[in-house]
Amino acid sequence: AAGVIQSPRHLIKEKRETATLKCYPIPRHDTVYWYQQGPGQDPQFLISFYEKMQSDKGSIPDRFSAQQFSDYHSELNMSSLELGDSALYFCASSLGLAGGFLDEQFFGPGTRLTVL
Amino acid sequence: AQKVTQAQTEISVVEKEDVTLDCVYETRDTTYYLFWYKQPPSGELVFLIRRNSFDEQNEISGRYSWNFQKSTSSFNFTITASQVVDSAVYFCALSVYNTDKLIFGTGTRLQVFP
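Line by line, the protein sequences are chains A and B.
Terminal number for the first sequence in the numbering used here: 116, no gaps in between.
Terminal number for the second sequence in the numbering used here: 114, no gaps in between.
This is chain B alone, in the form it adopts within the complex (with noise of 0.2 Å):
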């Protein structure tokens, strides 16, 4: 079976800190993909970055930053400097391979004070 696990359910910063959510994950596939998804206060939920089980290469996109670590199956994401606008909830993905659904985690939501 799969699971997705994001252990902070509530997270609150003052701009400009820097800011790391955590993802755990758990399959037994070999072959899979991660994703991250942004869900602001609007409801619409925002794809951020996938990355596959093949590719541990770490990933920064800007403010965004991505640490994916298979030995300890971790997908965990860093705002650096973070924003007002970056206040939404965060979720995490998992699909393995040949299937369609995404599985959710249950979402971390941060709080960015000006």
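This is chain A alone, in the form it adopts within the complex (with noise of 0.2 Å):
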């Protein structure tokens, strides 16, 4: 079965650099999330996406933005990159809140980003 697809899989940048992460959700899935993932903590969500509209927003850096396009595929772009960035970012895609319930979300396999 096709899952969530995140590329790439690993990034270094360097501080004050920019750094722009993909996500190819599931075929027929209209919702994109991503959740960002530092060393030996929780995900915590930062923006969701539902039919290429921003459907929620959580603890997201002003240094960052998101779209989701036509095909619904999304992209996270991070700019000024600080070493406090580095994390895992992880993507997830689902059937989003079809008639008010939340349909279980599917994680890609994240991409890595580095700092230095």
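Heads up, a few of these hints could be off.
[Stated by the list, open to error] Derived DSBU-like pairs (lysine-lysine); straight-line CA-CA distance at most 30 Å:
1) A/Lys57 with B/Lys16
2) B/Lys3 with B/Lys70
3) B/Lys3 with B/Lys38
4) B/Lys38 with A/Lys13
[To be verified] What the simulated footprint calls covered on chain B by chain A, stretch by stretch (three residues with Cβ under 8 Å from a Cβ of chain A suffice, anywhere in the stretch; the number is not a length):
5) 43 to 57
6) 94 to 107
I should point out that these hints are in silico values taken from the structure, not numbers from a laboratory.
The beta carbon of each residue, even a glycine, is placed where N, CA and C say it ideally should be.
Hey, can you piece these two chains together into the complex? The hints should help.
Listed below in structure tokens is the structure:
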């Protein structure tokens, strides 16, 4: 079965550089979520999109932006990178809030970002 | 506000032992969802179960079972006859009605020794 695809899997950047992470949801899934997991931490919700519109927003820094495209893939853009941005970034997809009932979120393998 | 507490930071057992991972949640919403995810050393998050707040039936799936008790706001996870491959970090998570985000607990690291 097709899973969530994230690219790249690993990324190394210098401070103050920019990074773009990509997420390709499971076919027919219309909702995409981004989470950030710092070392030894639990995943923290950043932002989500439903049908290309932002549906919820969590603790996402102003330096980060994201969008969902017409083919439902999503990109997380991160600018002015800081050492503290080093983390595992997960994308998840689901059928979202179908009738108000939350479908399970299926997670991609994650992108490990290291900021030097 | 919503919160998930996994008081057990790390548990070590020997293979074939049974182990229970505790999860306590807080929410004022009457409609919510509870989840368990497994994160093996390779790093991916693997979905294990979803339960909605109106379904207090316990569930068993192979060696895994879940005990949902609204009276104590707990959603505990038991692995029977643990195996080395069960070694991972296990996260309990909560989502309330009409929101997207998952609120994770801090996770419990389970180590199963041969």
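Going down the list of hints, with the structure as the test:
no., hint, verdict
1, A/Lys57 with B/Lys16, "violated, 43 Å"
2, B/Lys3 with B/Lys70, "holds, 15 Å"
3, B/Lys3 with B/Lys38, "holds, 19 Å"
4, B/Lys38 with A/Lys13, "holds, 29 Å"
5, 43 to 57, "holds (count 7)"
6, 94 to 107, "holds (count 12)"
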